[in-house]
Every structure is written in structure tokens, then in C-alpha cells.
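K.L.:
Residues per chain, in single letters:
Protein chains: 2
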Amino acid sequence: MKPYAEMTKEELLQERETLKAQYKKFQALELSLNMSRGKPCIEQLDLSMGMMDALNSHEDLNCADGTDCRNYGVLDGIEEAKQLIGDMMENHPDNIIIYGNSSLNVMYDTVSRAETHGIMGNVPWCQLKKVKFLCPVPGYDRHFAISEYFGHEMIPVPMTEKGPDMDMIEELVSSDEAIKGIWCVPKYSNPQGYSYSDDTVRRFARLKPAAPDFRIFWDNAYGMHHLYDNDQDYLIEILAECKRAGNPDLVYKFSSTSKITFPGSGIASLATSHNNLEDIRNQLRIQTIGHDKVNQLRHVRFFGNIHGMVEHMRKHADILRPKFEALDEIFTKELGGLGIGTWTKPKGGYFMSFDAMDGCAKDIVDRAKKAGVVLTGAGATWPHGHDPHDSNIRIAPTYPPLEDLKTAARLFALCVKLSSIRRLLEDLA
Amino acid sequence: MKPYAEMTKEELLQERETLKAQYKKFQALELSLNMSRGKPCIEQLDLSMGMMDALNSHEDLNCADGTDCRNYGVLDGIEEAKQLIGDMMENHPDNIIIYGNSSLNVMYDTVSRAETHGIMGNVPWCQLKKVKFLCPVPGYDRHFAISEYFGHEMIPVPMTEKGPDMDMIEELVSSDEAIKGIWCVPKYSNPQGYSYSDDTVRRFARLKPAAPDFRIFWDNAYGMHHLYDNDQDYLIEILAECKRAGNPDLVYKFSSTSKITFPGSGIASLATSHNNLEDIRNQLRIQTIGHDKVNQLRHVRFFGNIHGMVEHMRKHADILRPKFEALDEIFTKELGGLGIGTWTKPKGGYFMSFDAMDGCAKDIVDRAKKAGVVLTGAGATWPHGHDPHDSNIRIAPTYPPLEDLKTAARLFALCVKLSSIRRLLEDLA
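Each protein sequence line maps, in turn, to chains A and B. Under my numbering, the first residue of the first sequence carries the number 38, and numbering increases by one thereafter. Under my numbering, the first residue of the second sequence carries the number 38, and numbering increases by one thereafter.
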């Protein structure tokens, strides 16, 4: 089939009739599928059920150093967990704090602490007239929601396959003291699945911010989440790179096991410089006596070591790979050559990014919803939920079973076509 | 023996020689005991080991309503946990949010949210010149530490056996808009083990604060922590009382299972009015996707229901009762009639409060430490760690084994005597 843009009005109208009939068939299926969030599917969750047996009443719950994990104490995590998560994050255990179950919570707290107490002796952000955050777009809605909640002015920075536009970032960060942070998902980015290039990471580490309390919020959520054993993206380790660049305190790096074991019952972590850690611990010891050490020990006993975690992630990949591949196959078959949409082909992570024709995203999401498939809201990948092009849609293929996903993908492609025709007919009118 | 105050200088000097010899014997024991914090002992922790078997890989981890506890979702806690914790807190499940592992963390977050975003539409506290908190004294050091961290002016309010001085509280709260909160441990208070009288609770519920965003921070940490089956303190339920008094939004009530199951691996909770809950959820959904539902389910499956928890608390009581009674016996035997100290006789909770002669507390703690027994730092029960009388010491009898505790109690009594003589000799000089 030829590109839609080359079709005459009559051809478009005819195509629309065919598509409408197909859409009605989908509606008759009474689908009820949810592809809105990056949730692991049941088969993935089942992979970690062994963790429920990792501790039992006959085992002692002591650390190697004798710490009784059942009792109070140990503010920043047991040594075994720091070792395991250190290996996962590619950081020294001494640079790590193990938190509770949610890295989003750690990010929120990090911003909140900066608001009330400032970073390393700088003025608390709540006392400033304006705090600005850079937001690579399309990006992660929950990051933007934190900035929105704290009233930050969010500046969109375009994403490329190599990461966000570094020319723009360098210029902005070095010239505007009100810019205090940037939200990054550097590996298998949300939603594109892009990984920052070596050059991008090196330039991040070499930023010369006007604000002494500018920090990179480096959310390495998908560091272990490859789809292919022999075709993985590689990311330069940012802490080490910042240290080499003479910028040791520039970055807060976040991670968690949420999509490794159980979302909501994993362990979250932060890696950063010793100066930042000292700053953070001064607050952390006021906020809590310590996080859940028993759950830390449970993770350590379940995985044994980083090799156990890598093997575990292979099993996740075996479940997710066919889903990502099915999406790409169906989109290629249904949309290839039509010139009405592009999509990414991630080698890992949890999402795929779809760019429709301008002005079509909301309509596509609405049409899919009316046929029983809930997608991430259009606009969600932009600050304040406002995509100025109304073109980007985040696709989350992990949760539905493979056959349902295929159905949803076909419906999605159909909705893209219908929306595009509506758009093209408007242009012709 | 007659009261020390009635002794002559010679009698005091002679007594001191006897005591010094005893002290040397204690030093020769090379003790290493820690009574500084309210930590459960190993036997108490062992009571909850069955919880490690409450979930295993063969059981499904679904709630009654079908929620898969392993996945994302459920911002404010699974229904079963709300039911159990509701029964524990004497509140309706709908008034409850289940959090992570630490009620201290919930209190910190509650203050932090008020600082950055204000309470129910009021001005964020960080924008105010002055925020004041009322601090019943002696009180809980970690409460005061939160206020100190946020720069609150802390106003000490004297405690009585019936709770804090309500005349003073009523006057202050109704006249000063800068007073935004009060820290309360209403049942088996930290450190005295006092429980607020019916009259005290009723007066709390009927406060007429000048500040619309004044809140009572009601830390009901020891609601279930009785020592005696048939001699328990009773506390009027504050939410219901506030509602009756036409002050439904006046209180945040905190609790946790930290000293029921495992400290650090329990579940924390907050109960409050629907208006407050709505205010809190608006922030909570930015801060996290949800807390650890698997651990919530683990607690529910372990206890079954509130009766299971009550039975469980009886076992804790059986371990702790002899410790509290031993302390009282030894203090009575060693210090009775000497007029150099008074102590409380709690019927529950985790602490006992000791009042020495003015100017003796630090010295007593120092002497105990030099003989191998670490007590809570003198002054810790006052804001900024400053006890103007230098007389109050919190005693935490739960952690050491009973025999060690007895030894420590005898050493403590000895240190009280030595300090008092030093003090009396100074007065005579």
C-alpha cells in the first residue's frame, strides 16, 4: 500500500470504510486490556516466587557481620545488600544507600530534602523564587510529576537516539543558576528504550553548571533489563565518569529491584559521592531508624550474588523478548510504508515509543480505549501532560499475555490508521 | 538507711567509700550492656519467626479482592491490612493509610509535606517566619529531632501522670498562630509509661487552635503493649473524640507493628480524617506507587486477625513483665527511702523514666558508661538534648537478658547514689 499522504481523498475515504469495519470487529471482541503502565506480567512475577522461600523460621536472620536483621539499626543498608546492589549498579558498596521499596520515593525525598534543607549547604530550594528542571522529552511522567508538585519550571529538552540534546543542556546549565536538575533515564530510556551514548555520558559528567547545587537525577531503572543476551546496550558508569571529570558530586544515581523481583516489594538504592552521602545521611537519620533489612537479606539470599541476578534477568528477557518483537512485527506489517508513524526498537527496558502524525496521539488513545485497550495517556511523556505536537504515545507491552498483546497491537495500528486518515482528510478539507 | 539529705558530711563520706568499693567490683565485671534504645530482645524477636513462614512459593499472594500483592498498585494499603491495623488502632479501615516499615518516617514525611505544601490549603510552613511545636517533657528524642531538623521552636510542656499540662496547652494553642503541632505519645508514654487520662484526651479533642493547620501528632506506638492482662491502661480513641467535639481534622494518629513483629520490617500506619487523608493522598501518589504489599499480606496471614495479634502481645508481655518488675524491685531495694530519685512504674510500653536529683543525670549516665552500661544520653528526653534540671534519665529495660538487666539496674542504683553524694557534698562545701 502506498503512503497515506499520497492518497487522494477518495482513496482515503475508501480505506476508512475498510478500517471502520475492522474496528467494529475489534469492538465486538469486548477487549479489556491494560497497556498503560510498565508492569511485569504474571509469568515474570512467578520467576521470583522462590524469594518467598529464601527466608524461613528455621534460618537465622543474621548478616555475615552478626547484625540481627530483625531488630532496629543499620541506617543505610546491610553490607551484603550493598555488595549485591553495588554489583548491580556498578558502584562501590561504600557509595550506596539501600532504601525501602521504591526508588521513586527516594527521588521524591531527594527533591524534598533539597527543597527544605538545600544540597550540601546551599540555599534550600523552597527559599528560591524559581527552580527549573530540565526534562528530556518524551520522558517519564512520574519524574515530571515530582517537579510539577514542587512547582519547578520544567524545560523540555529533545531526546535523540544518543540521549538528550547535549548542546542545549550544556548551554542552559552553564548559564542559568535557577536550573537545579535534570531527569534522566539513561539506559533503555522511558519511553524510547534509547541508551545514552558514550559521548553523551561524558558530556554529562563534564557539565559546568552555574548552580553549585545542580544535580543530575540519573534513574538507571533498567540497567539489568536487556532483551538480548548478545546484543545489549552499554552505558558508561556515571559516578566514575564524574569523578574522572573532577565533578564527583554532580550526580544522584537511582536504581531498584522493582522490575527484577516484585514491584513494590523490592529494594531501592541510591549511589552517589561521599560528600552527597554525608549530606543525605544527616537527614536520613532524622527520617528513619532504618529500612527493611529482612527484605534486604531476603534478596541477597535469593540471588546469592550478581551472577544469580543476571541469570534471573535472562528469564525475564525470555518472557519479554517475544512481546517486543511481536509489536515490531505487527507495526511493520500494518504500518510499514504508510508514513503515518514511527516507533523505536528497544533492546531492553519496559517501553517502546510511538510517534504518530502531529495531532493524532490523543485521538489514537481514545479510539483504542473505546475498543477496550487502555494505553498510557497521550501527553503523559511531556511535562504537565502536554505534548505540543500531540504525537507521542508510550507503549507498555510487558503486562498483557502475548496473544492479547498481539490483538492490542493490531487494534493500535488500526487506530493509528483511522486517526491519520481523519487528520489527512482535515488537511484536504 | 536514712535519706541522704539528712546525713552529715562524715556519714556521706563513709557511705561513698563503701559505694566506691562496690563500683570497682562492677568495673571488674567488664560489663558491656546497652540500655540506650527501646529495642526488643532476641526472645521477643523469636516470637515472630513464624511470620517468615506465613508466605511461601506455593501460596498465592493475592488479596481477597484479587489484587496481586506482587505487582504495582494500591497506594494506601491492601484491604486486609487496613482491617487488621484498623482493629489495632481502633479506627475504621477507611480512615487508614498503610505505609512502609517506619512510623517515624511517616511522621517525618507528614511534617515535611506541611513544610513544602502546607496542610489542607494553608500556607506551607517553610514560608512562615516561625513554626512552633509543643513538646511534652520528658518526651521522645526522635520526635524532637524532627522538629529540630526543620527549625521549629520547641516549647516544653510539663508531663504529669495524666498527660501533659492541658491548662498550658489550651492557653498556648488558642493564642499563638505559630504553634502548629504537638508531639504526643499518649499511651505508655516514652519515657514515663504514663497514659493520658480521659479528661486529657477530651481536652485535646476540644482544643481551639489559633492556627487552622495546627495538628496533634498522636504517636500511639504502644497501644497494644501491655505488661498485664488484667491491669491495662485505657485510652480514649482520639479520632472519634475529635469528631464528636466538632474537630474532625485536628489529629494525625500514627502507629506501627515495629515492636509487635520485627522493628524495621513491620508495617506503619496513619489514621486521620477523610479531609486529611485526601490532602495526604494528593502528595503520596507523587511520592510513591505504593508500599510493600507483600509484607502487608505477610502480617495479615501471620496474625489472621486482631485476636491473633492480642495473643501474640501476651507473649511479649510475658518476656517484658519480669524485666520491668525487676527494675522496680531493685530500685526500691537500693534507693527506697534515700530521697535521691523517683521512677515510674509503667503497666506497658518500652520505658521507665527516672528522675534523679537536679544536676545528677549526666554524671549518672557517665558513671554507668565507665562501668560498661550504656544508657540513653542524659538530656535526650528534652528538646535539643537539653534537660534544664539535668535530672531525667530514660531507662530502656527491654533489650538485655533479665540477669544482665538486674546487674545493670544495681549498677545504675549505685551510680545514682554516688552522684547524689557528690551533689550533696558540693552543697555542704
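Since the hints were made in silico from the structure, they are not lab data. Note that CB positions come from ideal geometry on N, CA and C, so glycine has one too. Incorrect hints may have been included.
In silico DSS-like links for lysine-lysine, alpha-carbon gap of 30 Å or less [claimed, not checked]:
1. 245/A x 167/A
2. 57/B x 39/B
3. 352/B x 46/B
4. 167/A x 166/B
5. 352/A x 384/A
6. 57/B x 46/B
7. 61/A x 352/A
8. 406/B x 62/B
9. 166/B x 245/B
10. 166/B x 166/A
11. 57/B x 167/A
12. 167/B x 166/A
Per the computed footprint, the stretches of chain A lying under chain B, defined by three or more beta-carbons under 8 Å from a beta-carbon of chain B, are [claimed, not checked]:
13. 77-84
14. 133-139
K.L.:
Output the numbers, in ascending order, of every earlier hint that fails for this structure.
P.N.:
Numbers 3, 7, 11, in rising order.
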